[in-house]
Every structure is written in structure tokens, then in C-alpha cells.
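Just so you know, the protein sequences line up as chains A and B, in that order.
By this note's numbering, the letter at position 94 of the first sequence is numbered 94, and the numbering carries on one by one without gaps.
By this note's numbering, the letter at position 23 of the second sequence is numbered 23, and the numbering carries on one by one without gaps.
Incorrect hints may have been included.
Stated by the list, open to error - Residues from chain A shown here face chain B by an in silico Cβ test under 7 Å; the list is partial:
#1 Gln43
#2 Ser58
#3 Leu61
#4 Gly62
#5 Ser66
#6 Gly75
None of these hints come from the bench; they were simulated from the model.
Cβ atoms here follow ideal geometry from the backbone N, Cα and C, with glycine treated the same way.
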Amino acid sequence: MALTIASREVDGVTVLDLSGRITLGEGSVQLRDAIRDLISKGQKKILLNLGDVNYIDSSGLGELVSAYTTAKNQGAALKLLKLTKKVHDLLQLTKLYTVFDISDDEASAIASFK
Amino acid sequence: MSEPRKGRLSFRLISTMESVGEVEAAAEKLAADAGLDEDQRFHVTMAVREAAVNAVLHGNEYDPSRHIAVGLENTGKDLVFTIADEGSGFIPETVPDPLAPENLLRGTGRGIFLIRSLMDEVHFRQLHPGTELTLVKHLAATGEKT
Numbered sequence: 001m002a003l004t005i006a007s008r009e010v011d012g013v014t015v016l017d018l019s020g021r022i023t024l025g026e027g028s029v030q031l032r033d034a035i036r037d038l039i040s041k042g043q044k045k046i047l048l049n050l051g052d053v054n055y056i057d058s059s060g061l062g063e064l065v066s067a068y069t070t071a072k073n074q075g076a077a078l079k080l081l082k083l084t085k086k087v088h089d090l091l092q093l094t095k096l097y098t099v100f101d102i103s104d105d106e107a108s109a110i111a112s113f114k
Numbered sequence: 001m002s003e004p005r006k007g008r009l010s011f012r013l014i015s016t017m018e019s020v021g022e023v024e025a026a027a028e029k030l031a032a033d034a035g036l037d038e039d040q041r042f043h044v045t046m047a048v049r050e051a052a053v054n055a056v057l058h059g060n061e062y063d064p065s066r067h068i069a070v071g072l073e074n075t076g077k078d079l080v081f082t083i084a085d086e087g088s089g090f091i092p093e094t095v096p097d098p099l100a101p102e103n104l105l106r107g108t109g110r111g112i113f114l115i116r117s118l119m120d121e122v123h124f125r126q127l128h129p130g131t132e133l134t135l136v137k138h139l140a141a142t143g144e145k146t
């Protein structure tokens, strides 16, 4: 299943609800374009909801890191919400769990941007 | 755990992402047929996919004249996967450690690390030209890696 991305605004935070796979050729470019689009429009608070991401590969992990650094370099903040077990385990394995601000609760995640 | 299906399945594919999908699906089926649980199936499928991506993208550089050779086997003791490309060769020791602080924020370079982390054994062989990876998942999990 390819990646689908739905965007919504909650208290000034852009929440991207991702669903499907973030892999080379199946979502990593979509994610990159979505983040760049938000940054170019001046959005400074971005929350990636990964609750329905059932598969991610090394390319997808790299894309998450690139999204994080792109946002940071532009003075924006990018955080992660609701990791599936697979994504959680891979972020731990690759030590990326230490890089990202991760939350299981959307309200808390939204509040953390203030 | 189901009875192993003896015999090695081999095929040769063109260097496309569609081929990567075929290899991934074949690995998923072999792992499922072997009775691996969901986590183990994910580990096997992901490692094999990463190896196939490396072969197509880094080894063969999407060159339509180059192929990847794939082998899958349930020996009854192990699941054994081989993925070979026809590229200019690859020295795994030259890959930077993706866990090093200076590399943590790099957008690439995690594939080989993931393959090694998710499988029980990983072997590299230079083919001149090309590189062959052999990935092994022990069916009786020992937790030990070689």
C-alpha cells in the first residue's frame, strides 16, 4: 500500500496523517515534497502522525531524518506522533529515537509546540 | 513450525524497483511458509528488501543491461537468501557507522546496518564484477549473530 498523506490544522500546528508505506519509490518522495511545501509556506509547527504507517525502510527512515533537519534549519519544529511497533523498534535500533520528539497522545503533542 | 520445503528457488531479474517488490514478496512468502512470527517475518522481509534495493540502486545503478540474481532456500535449519548484482563491487567495511553521533542525522547509510541487525548471519562475496550478499535467519532462534 502506497503512502497517503492528509493534512489538517490543530491550534496552529499542521498535522500530517500518514498512512501506508514510507519506502524508496513508495512514499519517501511524497513525504519530502509535503514537508518542503509546508516549510516553503512558512509553517513552523509540523506533527507527523505515523499511527497508520505499517512499513518503513532505510530510505523512509532517512526521509524522516531529512524532514527533521530541513525543518530545523528553517526554524521550524517537526515532531512525531503515534509510532507503530515496527517503526518504534526501527527508530530505537537506529538510535533515531533519541533525535525525535515523539508522543503517543495528540493533545499533548499539540500542546508541546506552544 | 511447518515442515521445510526443500529446494532452492532462484531467479534473475532486471534492475527495477518492481523487481525489488518481487524479491520482497518471495521473501515474505518463504518466511510465512516457515512459520516465523510477525516480527521475524518483518525482519527477514525488510533485510531482503534492503539488500535488493542496494543491488538495484547502488550495485547495478538501475542499468537495464544488468540483472540481479536472487536465491531463496529453507534448509530446515535456516532461511538462506542470496542477492547478487553486477556492479563495480562493494566493500562493506567502508560504510560509515550510522549510529556514530556525527552520522546520526545523515539521510542515507542505514541499509547495511539494518540488514546486519535484522538477520542472524550476513556474508559478502565479491564476484568481479558485482557483489553477492548471503543473508541467513536461523529457524531455531539462538539470538547469536556471527
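Now the hints, each set against the structure:
Residue-level restraint check for A:Gln43 is violated (minimum Cβ-Cβ distance to chain B is 21 Å; threshold 7 Å). With a least beta-carbon distance of about 4 Å to chain B, the hint placing A:Ser58 at the interface is held under the 7 Å criterion. With 7 Å as the threshold, the beta carbon of A:Leu61 comes within range of chain B, its nearest partner Cβ sitting at about 6 Å, so the hint holds. The beta carbon of A:Gly62 is positioned within 7 Å of a beta carbon in chain B (closest approach about 4 Å), and the interface hint is therefore held.
Checking A:Ser66 against chain B: minimum C-beta separation of about 4 Å stays under 7 Å; hint holds. The interface hint given for A:Gly75 is broken, as the beta carbon of that residue sits about 17 Å from the closest beta carbon of chain B, more than 7 Å.
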